[in-house]
Structures are given as structure tokens and as C-alpha cells.
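Student: If you want the building blocks of each chain, they are given just below.
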Amino acid sequence: MSLFKNPYDPNARLACTCGAHASQAAHEADAARLSERAIETAVLKALFPRDAERRRFLRAVGANTAMGAIASLFPLGALQAMAQEKGKLEKKDVKIGFIPITCATPLIMSLPLGFYEKQGLNVTLQKTAGWALIRDKVMNKEYDASHMLAPMPLAISLGVGSSALPMNVATIQNSNGQAITLAMKHKDKRDPKQWKGFKFAVPFEYSMHNFLLRYYLAEHGLDPDKDVQIRVVPPPEMVANLRADNLDGYLGPDPFNQRAVYDQIGFIHLLTKEIWDGHPCCSFGVRTEWVKENPNTFAAMYRAVLNAAAMAAGPENRTTIANAIAPANYLNQPVPVLEQVLTGKYADGLGNVKTVPNRIEFDPVPWNALGVWILTQMKRWGYVKGDVQYKSIVDQVYLMTDAKKRMKEEGIASPADMPKKIIVMGKPFDASKPEAYVQSFAIKKA
Amino acid sequence: MRERAKSWVLSLLLLAVLLFAWHLASLPKASATAGMDPEYAKMMGLDKPKSDGLPTLSQMGATVWKQLSNPFYDGGSNDKGIGIQLAYSLGRVGLGFLLAALIAIPLGFVIGLSPMVHRALDPFIQVLKPISPLAWMPLALYTIKDSATSSIFVIFICSIWPMLINTAHGVSSVRREWLNVARTLEAGTMRTCFEVILPAAAPVILTGARISMGIAWLVIVAAEMLVGNLGVGYFVWNEWNNLSLANVIFAILVIGVVGMILDLLFGALQRAVTFVE
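Residue numbers (the UniProt record's numbering), protein chains in the order written: chain A, 1 to 446; chain B, 1 to 277.
Certain hints may be false.
[Unchecked claim] Which chain A residues stay away from chain B? Per the calculated CB distances, all over 12 Å, these:
1) GLU90
2) GLY120
3) GLN229
[Claimed, not checked] For the chain A half of the interface with chain B, some residues (derived, Cβ under 10 Å), not all of them:
4) PRO112
5) THR124
6) THR128
7) ALA132
8) PRO236
9) ALA240
10) TYR330
11) LEU331
12) VAL353
13) PRO357
[As the list claims (entries may be wrong)] Covered stretches of chain B, going by a simulated chain A footprint (3 or more residues, C-beta under 8 Å):
14) 95-103
15) 227-234
Rather than coming from a laboratory, the hints here were simulated on the basis of the structure. The structure displayed is predicted, hence computed values, not measured ones. A virtual CB, placed ideally from N, CA and C, is assigned to each residue, including glycine.
Pulled out of the complex, with its shape left as it was, chain A reads as follows (with noise of 0.2 Å):
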């Protein structure tokens, strides 16, 4: 972004705003293009997780009658016009909470690159100082709208750990994105089963860190609540925690894994994709109340965080968006780590260097089958009780159902539930029948 450059350097170009048009007028253009292309991109990566079969799949039938096809059983149409839609907008000052991790690129960056300010919206973002905070915070109507935990808005909903409030999951941040990152000491225990007694931290109960550190610890025959203990500990501290010798690891959010890294406390042991490539950590959460009394300003925010998430899925837009959201206003970190995080190009801890292009993803779309997931994961391991509803209960929280709604009004075919495939650790998941899947895990407290 030529924001950023010099624009005395004679060799820097002065286009646009993102430097990747000839002028403004064409990038404008394209901006409006982009959440357009941010919904296909996500519908045609959910119908093809390997670029292969796509590949194959185009070469072999055209591109239009892949459109066609496509169109046909997912109204693509429909959806790009919901983003599009502008209406009056019925509050213009919105209030948006975050927490400083990279998991809340898009909703962070889209202030200082201005994508709200073309929305017409003029938000505060508001830095928190943990979940249980944020939680309180939306609850009380503090905040308009709030990064969460992709399972803090199914929670809250339930009213499992606070009474509770029905939520909307807007779009899902970030895919991919976490680590877990041991101590320097346990550089020679790279096998989970030499893990017996240790001590993890994560950030908050009802997160995809908690669920994924289970997951990996159980499917490698550790029990979770027995074998090893989990504390709740807030990002930063874990890395302080990890210095101080008192915790052995965690599987916590970046930046604080690379930071870890940096500061050479510790090593990142595995990245969470290779638990499950794909899957998504935080959300952008929305009280259920207020999407109904601030309809237009709601998809103004929507359309401003699917552009900000189009643009951050570019990977050569990632350094810019390092630069963007490392200020103390932000994330208050190093350029340097931040870079590391976005560009997949990082340090291990080890002394090697690695490249890992999707270590981070933003694929915008609230698939209902992911918050079933968590669901199961949820009854797994005893957070909820009982007869769990778990298809109805995501679609009243996934807005993925909303727009089925509104597109049903509008006489067009509603969208397949969930084309993309799920598979954790080897192991498929099928989100129409969530409680066999809970069944036939051999680690549960279910």
C-alpha cells in the first residue's frame, strides 16, 4: 500500500491505494468486486479442498458450465447482491471490540486501511483485555459488535458459562492460525505420548484451542482432563509463563506462538492446520437483537469485513497488513513476528526456516457444519449436557442460515448445508450425524 511507501522514493509508484492498479478509479472498481469474489472463492475452495480436483474439475467441463453447475445448487448471485445491498444506515458510530491477536486481522485492519470509512461507518475498535471481558462487554450492549471465539457465540447462546443471550456469527476471521508452541527444555519430546504431567495453557475454555489441544492430546491417547493439566491463561502471559517455567506449552493464538519463538523461550511443535487444515478459530459475533435493529448498518460492517478478508487472503498483500495492524493502537507487536504469522515464511525456534503459504487464511463463510463440530466437541468433553439440538442450534447462531432465509423470500434455491469437507486428523466428519461422532471417540466425558 502506498501508504506505507515513501512517496518521495523515485522508485515508488503512486497509483492507488494498493498499488496494484494503474488508478484509483480501477481499484475502486475492483474493490467492489471483491467480496463478490471473496463468496466464490470460498464456495468453489468448500466444493474442491485440493486445488487439483478443481483444476480438473474446470479443465474438464469449462468454466461456464462450472458457474452454471455451481450457480444452480448455490446461488451464488443471491449472496454477492446480500453484500452489495445498502440501505440507510441506522447508526453510523459502531463500537467493536477486539482482542490483540492476528485472528482479528480482517476486523483490525479494516480500520486503518480504511474499509469501513468507504462503508461510511465510523467504528471505534476497542482492545480487550480478555474473552470473559468481550463476553460481558457484548452482553452489557458495550459493544456493537465483537471478535469472539468461533465457540463463544454458540456458548453464549446456550447460556453455557453466562446467562443466555442469542448471538449471530457474521463471518468467521481466520482459518488456520494457531500453533502450539512448547518450551525450549522439551526440544527432544516431539511425541505427545512424552507428554504425560505436562502443564498447557489456552486462552479461554470455549475456544478452538481448547477443543484442538484435547483433540490432538486424546487422539494421541492422553487424556485431557487426567493426563495433563489446561489452564485458561490469557495470550500474553503464556509466553511470560513459558519464561518462568511454569507452564510447558500451549496452543494458544498468534502472534504470541512466533513470539514465543522470537524472545527464544520456546519452539512451535506443530501448527494447528496440521491438526485440521481449515479450520476456523475466530468469528465476528453480533448480538442477535441488534443485527434486527440495525439492519443496514450490520451489512455495511458485513460488507467491509468480507473486502478486508478478500484482501487479506492475497498473499501479497500480507505484508502491508503487518505493518497495518502492528502499532500500539492494535496489536502493539514487532513488524517482524507479525510478518512471520501472515506471510507463513517463519522461524520454528529450532534454527530452521519454514514456509508454510497457509499457516493463516481468512475464508469468510460460517459454514453451519463447523459450528457443529464445535458442538460435538462441546458435548465431548462435557460442556454441555444432555440431548444436544445440534443443527438447530447453529442455525439460529451461523448467519449462514439467514441468508438461506432471505433467499428463500426471494424465491431462490437455498444452499447446500455444508459442501466442505471436514476431516480432523485423518478422521472425516459428517455434521448430519454429530452424536455418533461424539460416540466414537475412545477419549470423552460424554
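Based on these hints, arrange chain B on the given structure of chain A.
Tutor: Frame of chain A; chain B shown alone:
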């Protein structure tokens, strides 16, 4: 006078020893980049001196200078200069403290004057007094539904007890003879309260207020670290989040100095109302 000069010299000596110990503790370690892939070293941030860990004296000096040279800068809703942060904290402390004084002093008067009320309220005071103010925070957030008001409430609840107890004690221990003199002069209750009891109890009441202010200043930092949203405590938390020790130490120094100034202020007030019998 010579004694005073000696104590000054001793203070300076202690400071020098402290700074020298700091200097030794923060000496840069031998570079670990030898034999390392230069790209890896750069990713680890080893290609230039680091700002994490215990800062050296010169880094600390630079931090203090940087913060103090521009105390009122405004870098957005989450990034403001130390002056603005202090103003937020002092505002919260002031408001909570004032509210506490408005309730504690009149109530303390009543308790001090009437042994019956004292006995009735005593169990409540004894149970509520030892509760850590921060323990009220979740309850406050849940019921008040506003984090700024909640932190003011926490200041209120922690400052009320020392003032209440001291006022009651001060009022109840006004010398009998003075009250008897007032009675012989047929002074009304109000007049006795304002012209005899209040001046007599003022030094003790202000001792209570001074203790309250000290506690309030301790608590606000912790409360703001919990709730965030600007203030000195938030500043500490935000820099802790960045694992920047230099800025955290700077904040600690500022908190100490401001606390000392507040205490001196109340000390002066106390002297102003004290009389020699």
C-alpha cells in the same frame, strides 16, 4: 542540618548502587548468532539489539524520555500518551473517592454518635470490609452493565471502609468535656456537630481519607488491567501484552510518583486541620 545532608548523601548512594546493580543485570549477553543462518537470525530479530527482556539503563532512559516528551499524544482509541492515561485514572479515582466520602462521612457521624446504630451496623461492616475490591468486579460488571461505572464502583467500595471507620472512631472519641460545654451553652445538635465535633474529629477523618486514597490508587491500576479501556492500568496491560518491560517499568515509576504526590497532598490537608491542644 548536617543530619539532613547526610541522609541525602545516603539516598543518592543507595540510588547509585541500585542503578549499578541494574546495569550489571541488564548487560547484553554474548551474541548467539555465530554460525547461524543469517535469514534465520533476522527472523529471530537477532540482527539488531532487542527491546525485550530487562532493558539496559540507556534503553530505560530513552523510554522515559520518549514517553515524557510527548505525554498527551493521541494515536487512536487504544494508544494515548501517559498524561491522558493518568487523567483517566485520576478521574475514576477522584469520582469513586468523592462518592465514598459523601456516604462514609455522614454515616460515620451517625455511627459515632449513636452506639445503638454502631452495634447494628457493625456486623455488616466487619464482613464487607475485608473483601478484596476486585472481587466485586464480576458482580459489578454483571449488575451495572457498564465497565467504566464498574471500575468507579470498585474504587467507591474500597475507599468507603477506612473513611467510615475512622469517622465513627473520631466522632465517638470527642472529649466529653467539650460536648458538655456545648450542652451548657445550649447549642443545637447541628451546631454541636459542625462547630464542636467536626473540627475535633477532622484530623482522624482525614487520616481515614488518606488511607482510602492510598488504597484507591492501588486498586485502580489492578481494575484497569482487568477491564482495559484506558488508564494507567490499561497502559501497563497493553505494554505487558507487547512484553515490553521498559514501558512497564516506566509505568510503575509513574504510578509510584503519582501515589506519593496524592499522599503528600492528603498529608498537607491533615496538617492544616490539626490543632495543638
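Student: Hints first: check each against the structure and report whether it holds.
Tutor: Checked hints:
{"no.": "1", "hint": "GLU90", "result": "holds (22 Å)"}
{"no.": "2", "hint": "GLY120", "result": "holds (19 Å)"}
{"no.": "3", "hint": "GLN229", "result": "holds (23 Å)"}
{"no.": "4", "hint": "PRO112", "result": "holds (9 Å)"}
{"no.": "5", "hint": "THR124", "result": "holds (5 Å)"}
{"no.": "6", "hint": "THR128", "result": "holds (5 Å)"}
{"no.": "7", "hint": "ALA132", "result": "holds (8 Å)"}
{"no.": "8", "hint": "PRO236", "result": "holds (4 Å)"}
{"no.": "9", "hint": "ALA240", "result": "holds (7 Å)"}
{"no.": "10", "hint": "TYR330", "result": "holds (7 Å)"}
{"no.": "11", "hint": "LEU331", "result": "holds (8 Å)"}
{"no.": "12", "hint": "VAL353", "result": "holds (5 Å)"}
{"no.": "13", "hint": "PRO357", "result": "violated (16 Å)"}
{"no.": "14", "hint": "95-103", "result": "violated (count 0)"}
{"no.": "15", "hint": "227-234", "result": "holds (count 4)"}
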